[in-house]
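**Student:** Hey, can you piece these two chains together into the complex? The hints should help.
Those sequence lines, one after another, are chains A and B. Quick note: the first sequence uses our numbering, first residue 77, plus one each step. Quick note: the second sequence uses our numbering, first residue 247, plus one each step.
Derived from the structure by calculation, the hints contain no laboratory data. Values in this document were obtained by computation on a predicted structure and should not be read as measured data. A couple of the hints might just be wrong.
The calculated label-pair distances, taken between Cβ atoms and stated as ranges, are [what the hints assert, rightly or not]:
#, chain 1, residue 1, chain 2, residue 2, range
1, B, Ser630, A, Trp224, 26 to 36 angstroms
2, B, Val260, A, Arg241, 42 to 52 angstroms
3, B, Lys268, A, Met327, 51 to 61 angstroms
No residue lacks a Cβ here, since even glycine has one placed at the ideal position from N, Cα and C.
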Amino acid sequence: MTDTTGPMLVTRGLTKRFEGVVALSNLDLVVEKRAIAGLIGPNGAGKTTLFNVVTGFYAADEGEIELAGQTINRLAPHAVAALGLSRTFQNIRLFANMTALENVLVGRHLHAAFALEKTEREEDTGGESRSALASIPRRALSSVGVVWEVIATLARTPDVRLAERAAVERCLEVLAFVGLRGKHDELARNLPYGGQRRLELARALATNPRLLLLDEPTAGMNPHESQEIVGLIRSVRDDLGMTVLLIEHQMRVVMGVCEQITVLDYGEKIAEGPPEAVQRNKRVIEAYLGTRSIGIDSGAA
Amino acid sequence: MRERLRNAPLLRPVIEALSIAKERAERGYGSVPNTLRLLLLAALLIAVPFYENPLGGGVVFDDRWLSVFRLVGLYIMLGIGLNIVVGYAGLLDLGYVAFFATGAYAYALLASPASPAIDFPIEDVPWLFWAMLPIALVVGAFTGVLLGLPVLPLRGDYLAIVTLGFGEIIRLFLINKDDWTGGSQGLYGIRAPPLPDVPLLNITELKSTALTEWYLFIVVGVFLVAFCAGRLRDSRIGRAWEAIREDEDVASAMGVDIVKYKLLAFAMGAAIGSFGGTIFASFQGSAIPEDFNLLVSINVVAIVVIGGMGSTPGVVVGALILIGIPDFLRFKEASDLLGLLDPIVPFADTHNWAEDLRNNRFIVFGALLVIVMVLRPVGILPSSRRKLEFAAPVDEAAI
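Next comes chain B alone, as it looks inside the complex (with noise of 0.2 angstroms):
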C-alpha cells in the first residue's frame, strides 16, 4: 500500500521533496553539537515558568501548568528508572510502584509530625528533605537488591506476575502495619522543604515562588537522572545489561555474573523510584498508602512502552501524554481548546460534549493507547536499535 503510494506518479515529486527537506533539516539539526543542543534545551527548560504571554495577561504557565510539568517531571524520573530495569536489562517489572512507596515513606517517617518513629520537631532540621535524596537512593538501591533476589530465576511473564504481587503487597504492607506506617491515614502534614530563597524568581506576582522553584528542582533532578542513565548505558554495566536482556545464558557464558547485574539494574532502577518517591511525598505533604497503588505502577510501564522502550526521549513523551494530557484536560483552556470544535460537532447544541469527554476521559484515552500500540508498536520515540529490531522481522526468523 505504502509502497504504490510512494510510486504514484503525482506523488513522486512532492515525496522526494519532503524527504530531502527531512534529510537536510536532521543534517542540520545533526551538526549542533551534542552538548550545545542539550544546553539549549536545558535553557528552554528553565525559562518556562518566565514566558510572558504576548496577548497580555501575565504568564503563559501559571500555577495549574507547573504542577502539572511538575507531575511530568516527576513521572519522567520514573520512567527513566523503570526503563533501566526493563529496557535496558529486559525484566518486565510490574510492581515499580514499591520503591516508589519506600521512598516516600522513608522520607515521611522523618518529616510527618505524625510519624511513630520520630518524637522530636523535625521542623527544626530544614535540610532534612536534601539529606534524605541521597539516603532515599540508597535505601531504594537496598530494598531493589532485596525484592530481587527472590525473582532472580524467573524470566518474562512470570517475572512480571510477581512484581505486580510485590507492589500490592507493599501497598497492603503499608496499610496494615500502621503502629508504624499510620496505617490509611498514611502520614501527613510533611512539611515542603524550603527551598532556597532566590529573589530572581520572584519576578511575577501573579505565581507563587514555590511552584516555581519546585518546577526547576524538577527539571534539573530530570536532567541529573537521564544523565545517569545514559551513562550507565553506554558503559561496561549497559552493554551487559543488554546481553542479559538478548541471552542470558550466553551473557553468563561471555562472563557476565547474570546474578549481580540483574540485582544492579533492579538496584539502580529502585534506587531512581525511591528518589522520586522523597520527592513525591514531600510535594505532596503527605504518604498515604492509596497513592501507591497498581495505577502508578501501569502508569509508568506505560510511559516507557508508549515512549519506546530503551529511549529516554521516548519516556519523556510518554509521560507528557500519559500525565500531562489527562490533567491537562481538567482546565479551562482544554473546554476552550474542544469548544472550538462545537460547529463540526452534530449533538453540540444537545450535549455538552466536552464535558463528557474530560469526565470520561480515562476510557478516551485507554482508546488512544490501544491505537498508538497497533499503529507504533515499537513506542512513539523508540530507541535507534529497538527500531532496527522491529524493522526486520524476517531477518529474526531467519537467524
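Next comes chain A alone, as it looks inside the complex (with noise of 0.2 angstroms):
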C-alpha cells in the first residue's frame, strides 16, 4: 500500500488562498525518507500555513499532498495523524494544565488504543490476522469500537489495564528521550521554557511518527539550549528513523542540520537544495535583505 522507496512527504501545485491573500503559490516540495529537511523564509512567506495545509487543519485550494505515496489532503488532522504525521507548533501549545506525562499520554493516543481501535497502521504492521476486520467499512468499526471501548474501561479489563500500562512506559521513555527524566508529574505550565519546548517535541515523538514537522524548535533559545536542540533533531532522525521537516529562523541552526533546504517568499518557493548553494542564491539574499533595485524600480514606475 505505501511504498518504502519514494520519498516521504511530496506536495504537488499546492495553492491556498486567504480571501485573495495568496498564501501558498503553486508549491511543489519534496522531502526524501529519513531526510532532516528545513524550511526557510521572511515573515508570512507561508511556511507555517505549509505546516497547516499539510497536516490537514487548512483545506488546500489545490494541488495535492502525498505522505509515503499516500494522499492525505482532504483527511482531517487526527486522519492524518494517524498516518503518521505529526508536528509542533511555532507558539507552544500544550495541554497547559495536564501534567507532562498526560500531555505526552494523548500524544500516545492513537497507539493507547486496544484490540478494535488499532490504527490502520498498526494494522499493516500487525500481520494479516486483522484482514478481515480491514474489510468493514471504517466508520462503522469506529462506532462499534467506541461503544466497546467506553465498556471496555468501564470494566477496566485486562486488555486496557496492559495498554495503559504500555502507554505510560513508552511515555516515560520518550520523556527521558527528549531529557525531561523524572519531570513526568509536572505541570507542563510549571516547566521552564525549553523544558516546555522539549515536551511538545515528546508529545509529537509520542504519536510514532513517519515524519515530524517542527514548527521553530529552538525559539527563543539561547545558542547553548539551541545547540542541544539541534542534537535531539539529529538523534530523532538517527536513533528513531524519522524524516524531519523543520522551519527555523536561526541560521546556524538550519545551516547546520538541515541537509536539504527550501526557501518561501510570499507562497513561493524561491530556492532549494542543499545549505551553501541556499546561502549563495541570489533571490534568498534579495528576499531576505531587500534588493538595491527598489529605486530604479520605483524610478522606472
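**Tutor:** Here's what the structure looks like:
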C-alpha cells in the first residue's frame, strides 16, 4: 500500500488562498525519507501555512499532498496524524493544565488503544490476522469500537490495563529521550520555557510519526540550548529513523542540521538545495535583505 | 493582606500549630486505603435511615428528610453526568434538562396509564422500571449524539446559547406533541416500581419502607454513576476529553478524533441525565413538561460550578447546598434553628423574620451563590488540577 522507496512527503501544485491573499502558490515540495529538511523564508512567507495545510488544519485550495505515496489532502487532522505525521507549534501549545506525562500520553492516544481501536498503520505492520476486520467500512467499525471501548474502560479489563501500562512506559521513555526524565508529574505550565519546548517535541514523538514537522523548535532559546535541541533533532532521525521537516529562523541551526533547504517567499518557492547553495542564492539574499534595485523600480513606475 | 496576617508575631505560632495539625490529619486520612474509605462512607450513608435519635422520638431522619435526600441524590447523579460534558470535555451545555426529560418521558410513555403509546395494562409488568433503566441509558446516549451533532462546530458561549435553546425546545415539544405526551397535562399515574421486599428495612414503624428503599436505591445509583464517571476520567477517553478541553486543535493534531470524543462526552452525559429522568418520573409518579423547565438545567450547571468543575466530591457538596438547603428551609426544624437567633435579631419581635427568610429563600440563596463565586471562583471542592489552574494566573499569561 505504501511504497518504501519514494519520498516521504510530496506536495504538487499546492495553493492556499485567504480571501484573496495567496499564502501558498503552486508549491512543489519533496522531502526524502530519513532526511532532515529545512523550510526558511521571511515572516509571512507561508511556512506555517504550509504546515497547517499539510497536517489537515486548512484545506488546500489546489494541489496534492502525499505522505509516503498516500494522498492525504482532504483528511481531517486526526486522520493525518494516524497516518504518521506529527507536529509541534510555533507558539508553544501544550495542554498547560495537564502533567508532562499526561501531555505525552495524549500524544500516545492513537497507540494506547486496544483490540478494535488499533490504527490502520499498526494493522499494516501487525500481520494479516486483522484483514477481515479491515474490510468492514471504517466508520462503522469505529462506532462499534467506541461503544466497546467505553464498556471495556468501565470494566477496566486486562486489555485496557495492559494498554495503559504500556502507554505510560513508552511515554516515560519518550520523556527521558527529550531530556525530561523525572519531570513527568510536573504540570506543563510549570516547566521552564526550554522544558516546554522539549515537552512539545516529546508529545509529537509519542505519536510515533514517520514525518515530524517542527515549527521553530529553537525559537527563543540561547545558543547553548539551541545546540542541545539540534542534537535531539539529529537523534530523532538517526536513532528513531524519522523524517524531519523544520521551520527555523536561527540560521546557525538551519545550516547546521538540515541537509536540504527550501526557501519560501510570498508563498512561492524561490530556492532549494543544500545549505551552502541556498546561502549563496541571489534570490534568497534579496528576499531576506531586500533588493538594491528598489529605487530603480519605483523610478521606472 | 493574608501575607501580613501570617507574619504577625502573635499569630504565627497559632498558624504554625494549625498547619501542622492539618498536615497530620491529612496524612492520617491519606493513609487509609481508598477502597476502605469508600466502604466506610457507603456504610455511613446506607445507615442514614436507621439512625436512632438519642433523645428519643424515633429516627433522626424521617420521611421528609429521606425525600429531600432522594432529590439531592438525584441531582448528584445529574451533576456527575453534566460534569462529564462541562468539567471533563469543557463543553458548556445549558440544556441538560433535555436529557432528563428524555429519560422521564421514555419511562412514562410505557408506564403511565395516560400514555397513548400502549394499550395494555402495564401494571402487569412489575420489572418494567428495572428494564427501563438500561434502556434509558441507551436512549439518552442516542439523544445526546443527536443533539450533539448540530452543535459540534460551536465553541464556548455559542455552544452554551444553542444548548440553552435545546432545553426549551424539548419542553415546548413535549407540550405541543400532545397526542403522544399528553400536552401540558403530562403523563401521570405512573406506579412506583415494586422495589424488592426486604423485611430488614421494616425496623421502624415511623417510616414508610418505600422511602427507605428509594433512599438506598439512590445511594447505590449515585455510587455507581460516580464510579463510572471516575473510570472514564482516568482513562484514554478521559485524557482525550481533557485534551479537547485544553486545546481542541492540538488534540486533533495528536490523533484525537474530536468529533468522536465530543459526541461521546455528550452521549455519556446524556445517558446519565436520562437515567436520572427515569428515576425521577417513577418517584414523582408523573412526567409533566413543567418539571423540565430551564431551572433544572440552571440548577445542575450551578451544582457543577459551585461544587468545583470536574470534581465529583464537589458535585456532592454542590447538590447538598443547592438542592438540600432550600428544601431544608421548609422544615419546622429550620424555623426552630433560626428561632434561636431571635434574641440577636433587632426586629424579631415585630417581624416573623424566619418566615420571611423562608418565603424569600431563593433570593437569599442567589445572594449566597454570588458570594461563593466571588470568594471562591474555583468552586467549593475543585478537582485538584483545576485548583492549580486558578492558583497561578501569572503563569498563564507567560504561556
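**Student:** So, against the hints stated earlier in the document, which numbers end up violated here?
**Tutor:** none
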